[in-house]
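Whenever a hint applies, use it, and build me the whole structure from the sequences.
Protein chains: 2
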Amino acid sequence: MSIEKLQTHLNKIACYRSAAALLQWDLETGMPVGAATHRADTLGELTRHILSLFLSARTERLLDRAEKEIRSPEERSLVTTIRREWARARKIPIPLQVRMSRETAAASLIWRQALEENDFKRFAPALNRIIHLSRETARHWGYDSHPYDALLDRWEPGLTTRSLEALIQPLQAYQTRLLERLDQGRHPDAGILKGRFPQKAQETLNTALLETIGFDFNAGRVDTSRHPFSLSVSPGDIRVTTRYRENDFTYSFFSAAHEGGHALYEQGIPPSLYMGEDNGASMGIHESQSRFWENVICRGRAFWVHFYPALEKRFPIFRNRSMDTFWRSINRVHRSLIRTEADEVTYNLHIILRYRLEKELIAGILKTAGLPDRWREETDTLLGLVPATDQMGVLQDIHWSAGAFGYFPSYMLGNLYAAQWDHHIRREIPDLSQLLEQGRMDVPLSWLRERIHRWGKSLLPGQLTIQATGEPLNPGYYMDYLCKKFGQVYQTILPRPGNRDRSTDRKNR
Amino acid sequence: MSIEKLQTHLNKIACYRSAAALLQWDLETGMPVGAATHRADTLGELTRHILSLFLSARTERLLDRAEKEIRSPEERSLVTTIRREWARARKIPIPLQVRMSRETAAASLIWRQALEENDFKRFAPALNRIIHLSRETARHWGYDSHPYDALLDRWEPGLTTRSLEALIQPLQAYQTRLLERLDQGRHPDAGILKGRFPQKAQETLNTALLETIGFDFNAGRVDTSRHPFSLSVSPGDIRVTTRYRENDFTYSFFSAAHEGGHALYEQGIPPSLYMGEDNGASMGIHESQSRFWENVICRGRAFWVHFYPALEKRFPIFRNRSMDTFWRSINRVHRSLIRTEADEVTYNLHIILRYRLEKELIAGILKTAGLPDRWREETDTLLGLVPATDQMGVLQDIHWSAGAFGYFPSYMLGNLYAAQWDHHIRREIPDLSQLLEQGRMDVPLSWLRERIHRWGKSLLPGQLTIQATGEPLNPGYYMDYLCKKFGQVYQTILPRPGNRDRSTDRKNR
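Order-wise, the sequence lines are chains F and W. For this note's numbering, add 1344 to where a residue sits in the first sequence, where the first one is 1. For this note's numbering, add 1344 to where a residue sits in the second sequence, where the first one is 1.
It is worth saying that the hints were derived from the structure and are not from the lab. Heads up, a few of these hints could be off.
Keeping only pairs whose Cα atoms sit at most 30 angstroms apart, straight-line, the calculated BS3-like set for lysine-lysine is [what the hints assert, rightly or not]:
| no. | chain 1 | residue 1 | chain 2 | residue 2 |
| --- | --- | --- | --- | --- |
| 1 | F | Lys1435 | F | Lys1349 |
| 2 | W | Lys1538 | W | Lys1657 |
| 3 | W | Lys1538 | W | Lys1829 |
| 4 | W | Lys1435 | F | Lys1356 |
| 5 | F | Lys1544 | F | Lys1412 |
| 6 | F | Lys1711 | F | Lys1435 |
| 7 | F | Lys1435 | W | Lys1435 |
| 8 | W | Lys1435 | W | Lys1412 |
| 9 | F | Lys1544 | W | Lys1412 |
| 10 | F | Lys1349 | F | Lys1538 |
| 11 | F | Lys1829 | F | Lys1657 |
| 12 | F | Lys1465 | F | Lys1711 |
| 13 | W | Lys1349 | F | Lys1544 |
| 14 | W | Lys1544 | W | Lys1465 |
| 15 | F | Lys1657 | F | Lys1538 |
| 16 | W | Lys1544 | W | Lys1657 |
| 17 | F | Lys1465 | F | Lys1538 |
| 18 | F | Lys1356 | W | Lys1412 |
| 19 | W | Lys1356 | W | Lys1435 |
| 20 | W | Lys1538 | W | Lys1828 |
| 21 | W | Lys1829 | W | Lys1657 |
| 22 | F | Lys1544 | W | Lys1657 |
| 23 | F | Lys1349 | W | Lys1356 |
| 24 | W | Lys1465 | W | Lys1829 |
| 25 | F | Lys1356 | F | Lys1412 |
| 26 | F | Lys1356 | W | Lys1349 |
| 27 | W | Lys1544 | F | Lys1538 |
| 28 | W | Lys1544 | F | Lys1657 |
| 29 | F | Lys1538 | F | Lys1828 |
| 30 | F | Lys1435 | F | Lys1356 |
Looking from chain W toward chain F, a few residues come up when the C-beta cut is under 7 angstroms (computed) [what the hints assert, rightly or not]:
| no. | residue |
| --- | --- |
| 31 | Cys1359 |
| 32 | Ser1362 |
| 33 | Ala1363 |
| 34 | Leu1366 |
| 35 | Pro1376 |
| 36 | Ala1379 |
| 37 | His1382 |
| 38 | Thr1386 |
| 39 | Arg1392 |
| 40 | Asp1533 |
Cβ atoms here follow ideal geometry from the backbone N, Cα and C, with glycine treated the same way.
Here's what the structure looks like:
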């Protein structure tokens, strides 16, 4: 009885969360600019209302009672999850959360204009306010050694600056080493990907892609937005967005695969575990789904054995290329400026860049006004490039306007988790490649549904990883994956991870 | 001070109204079917919350205090309007309104499916529930002689079955007489309107149309939906929808003009008077705006003198027609089955049909199961036609699925009001036609902004009409308008209203 009462109470809150999610989706996809102020007011008011319902004495009382009447492991996991979310949310004063919600609703439009006009100064005041609010939020959440830890923990429970540094060190070393090595050889020809690809035909191709990987169009939809995203409006309503370039279909295609991966996760989470826009175990786990489908599957050779005819049908230009040439081209490694378009070898370097800058901003070492210079400096250090404009640099990502400090490392974790899932799926299903070549994308999807999706937020990412693979997160799988895949793409033998550095490592201990 | 407090309180309620409006817009434009149940829950919960805030003791207290401190005529009008809305809303128990909101959210999807599958039986149970809820609602609102009066009053304060019958009698007689007379002559050739009109080009044309009449795209947008509508999501965010047929551009064009007219009204209402989805004095006044732009302006000759080159540019096929031939074709009068496509002479007959059936349904004389037969019978009586399918008959309108019983007469009133505005605008601005020929649509728009729009809901429709034109609603203007316009379209002299019937009228007195 008590658990039913708790669920009725949460279902009511879920209605407001669903309304807020739709308002957010609309803000990013098509809201007229004239609505900006009222929309910010509305999102602020909904945030206030959702929190005042969720953090009410009633929730606590219902939780206390439900905990005494647990009848099954499912109920225990549900109640524990709610208790954890509740305990976490109540640390931040409601007015602070409302202020953040209003600031970010307004900042999202300012950022969009600043990006279009390549004008960082226009964005700086709003960004500065969001940094201050983020710092204040970190203080309320609490941390042991660095305020940034609190922000990391928000997206990835348990992640700290220290544990992140430990992951970054070998990854940065190995990925930089791979990059330098590949730069010495012959790159696949990216020119063969160029052509005229009308948006309408790209939309049809994206639909075919999403259907192939298992996206349920009765429980979701696809739209266009400046910055692609995916979002749960409610159970049965998971939305993804993409954007188009008519001279490069891969721009939209792989972003659709990425967001489609997020959506498959949300579509696989039971409605009873719906908590709002994101219902995964952590954002690292969430990004493991998007990066898995985008890269491991859809940039994999087996996928294209199956899907290449569908591409040829929409874009006959590809009848003149071999599938293998095409596959190598979509995996070309090169130093570039835009994170979302980066290849798998350089991608984490883009994340490390953002991580370093965010840490300095939150610590107050770096001022908002100094960001564009620091961005250029650090891009040079990591990638050997300097962006000519802020559009191609510090203004490229939506995350800061949305107050998502501490989020970027989730992408790196996503890459690592994805390689770990891939390793274990292949160990359990040795003929996976042949199945994928036959279009059996349902095989990895079923594995993910069973091991990841159906648990929603009810397990912590560490627990989930051990339950799914029998071991904690192990970044070695990602390095092994890069070594093997890019050896094939570049038709060469690449240095194995750790080989060169092992002696140094030992010395350092 | 008290008025500011009242406004702060109402602004908060407006946030939830805005969220509900967006959820409704989304439901009609693109929500995945899998979200249906959750969406109905969400709309129900928002309705409950909005009403519990608006009907709270706090609203009453703030109203009482504000009434004692009124400092200006604007404040008086604002407070009076809120008091009236409040007094009206509190007559219906909140649970009944929530039930209605949930039923209609679900019924809207069922209706859409039933329409697509031409299956009235599929829609009947939901419709039946809505009829019962409407009857119950009428009982709570109260009425003198007929329960349908309560539903009429909801959309048009002061309208009763009796006053409506008094309008219908001469209109039905005169419009039927015109129809019979025109049927004896030679009709304009509608065939010249046929062709291939790609949706994309139609969208561009609709944008040009909306820009021409003054729609502000920074404060609104245009989408596609099964049944066209317009809706205020918030101040600065007024949305219209349309739909397309690629062999007939007029299908979309005049529906865009119609919804554009509604949107111009909402865009002209001051944000301080924002109350939710519709902020006009009444739905009759609202429909006067849509019908004015759709018919009086956009089916008028002067508009096409200006706009015909824009049409020729998008659809070169029209270079082979004369503008006058085209103008006569878009005004062809004929007996037809679909209300939204009916010409101005037969349109009110479609309304009379719906009015008669609704009155019988609400009185309980007609059962839901008997509706399709009654529809066919009455269409035959009024228009001399019998629809072969329910798709072309009883299932064609969205209104009943939305619980909007009593709404249809608003369209008839809209026609009458629109002709009255037109008469008075022309009296005040004798060279209006020449100005319209020059593209000066801002001239009638300014008149409407000043006399109608800026008052929002703060005047009752009767007060507004007298203030705007110096006299109450006078249906003679519409009949005069039809007589003059269709005389020109058909190049003939038509009987003047009332002429033949005057002697009979005298006898009857």
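We went through each hint and held it up to the structure:
{"no.": "1", "hint": "Lys1435(F) / Lys1349(F)", "result": "24 angstroms, holds"}
{"no.": "2", "hint": "Lys1538(W) / Lys1657(W)", "result": "16 angstroms, holds"}
{"no.": "3", "hint": "Lys1538(W) / Lys1829(W)", "result": "24 angstroms, holds"}
{"no.": "4", "hint": "Lys1435(W) / Lys1356(F)", "result": "25 angstroms, holds"}
{"no.": "5", "hint": "Lys1544(F) / Lys1412(F)", "result": "56 angstroms, violated"}
{"no.": "6", "hint": "Lys1711(F) / Lys1435(F)", "result": "27 angstroms, holds"}
{"no.": "7", "hint": "Lys1435(F) / Lys1435(W)", "result": "42 angstroms, violated"}
{"no.": "8", "hint": "Lys1435(W) / Lys1412(W)", "result": "24 angstroms, holds"}
{"no.": "9", "hint": "Lys1544(F) / Lys1412(W)", "result": "61 angstroms, violated"}
{"no.": "10", "hint": "Lys1349(F) / Lys1538(F)", "result": "58 angstroms, violated"}
{"no.": "11", "hint": "Lys1829(F) / Lys1657(F)", "result": "27 angstroms, holds"}
{"no.": "12", "hint": "Lys1465(F) / Lys1711(F)", "result": "13 angstroms, holds"}
{"no.": "13", "hint": "Lys1349(W) / Lys1544(F)", "result": "51 angstroms, violated"}
{"no.": "14", "hint": "Lys1544(W) / Lys1465(W)", "result": "36 angstroms, violated"}
{"no.": "15", "hint": "Lys1657(F) / Lys1538(F)", "result": "16 angstroms, holds"}
{"no.": "16", "hint": "Lys1544(W) / Lys1657(W)", "result": "14 angstroms, holds"}
{"no.": "17", "hint": "Lys1465(F) / Lys1538(F)", "result": "35 angstroms, violated"}
{"no.": "18", "hint": "Lys1356(F) / Lys1412(W)", "result": "38 angstroms, violated"}
{"no.": "19", "hint": "Lys1356(W) / Lys1435(W)", "result": "22 angstroms, holds"}
{"no.": "20", "hint": "Lys1538(W) / Lys1828(W)", "result": "27 angstroms, holds"}
{"no.": "21", "hint": "Lys1829(W) / Lys1657(W)", "result": "27 angstroms, holds"}
{"no.": "22", "hint": "Lys1544(F) / Lys1657(W)", "result": "24 angstroms, holds"}
{"no.": "23", "hint": "Lys1349(F) / Lys1356(W)", "result": "28 angstroms, holds"}
{"no.": "24", "hint": "Lys1465(W) / Lys1829(W)", "result": "42 angstroms, violated"}
{"no.": "25", "hint": "Lys1356(F) / Lys1412(F)", "result": "22 angstroms, holds"}
{"no.": "26", "hint": "Lys1356(F) / Lys1349(W)", "result": "28 angstroms, holds"}
{"no.": "27", "hint": "Lys1544(W) / Lys1538(F)", "result": "26 angstroms, holds"}
{"no.": "28", "hint": "Lys1544(W) / Lys1657(F)", "result": "24 angstroms, holds"}
{"no.": "29", "hint": "Lys1538(F) / Lys1828(F)", "result": "27 angstroms, holds"}
{"no.": "30", "hint": "Lys1435(F) / Lys1356(F)", "result": "22 angstroms, holds"}
{"no.": "31", "hint": "Cys1359", "result": "4 angstroms, holds"}
{"no.": "32", "hint": "Ser1362", "result": "5 angstroms, holds"}
{"no.": "33", "hint": "Ala1363", "result": "4 angstroms, holds"}
{"no.": "34", "hint": "Leu1366", "result": "6 angstroms, holds"}
{"no.": "35", "hint": "Pro1376", "result": "5 angstroms, holds"}
{"no.": "36", "hint": "Ala1379", "result": "3 angstroms, holds"}
{"no.": "37", "hint": "His1382", "result": "4 angstroms, holds"}
{"no.": "38", "hint": "Thr1386", "result": "4 angstroms, holds"}
{"no.": "39", "hint": "Arg1392", "result": "9 angstroms, violated"}
{"no.": "40", "hint": "Asp1533", "result": "34 angstroms, violated"}
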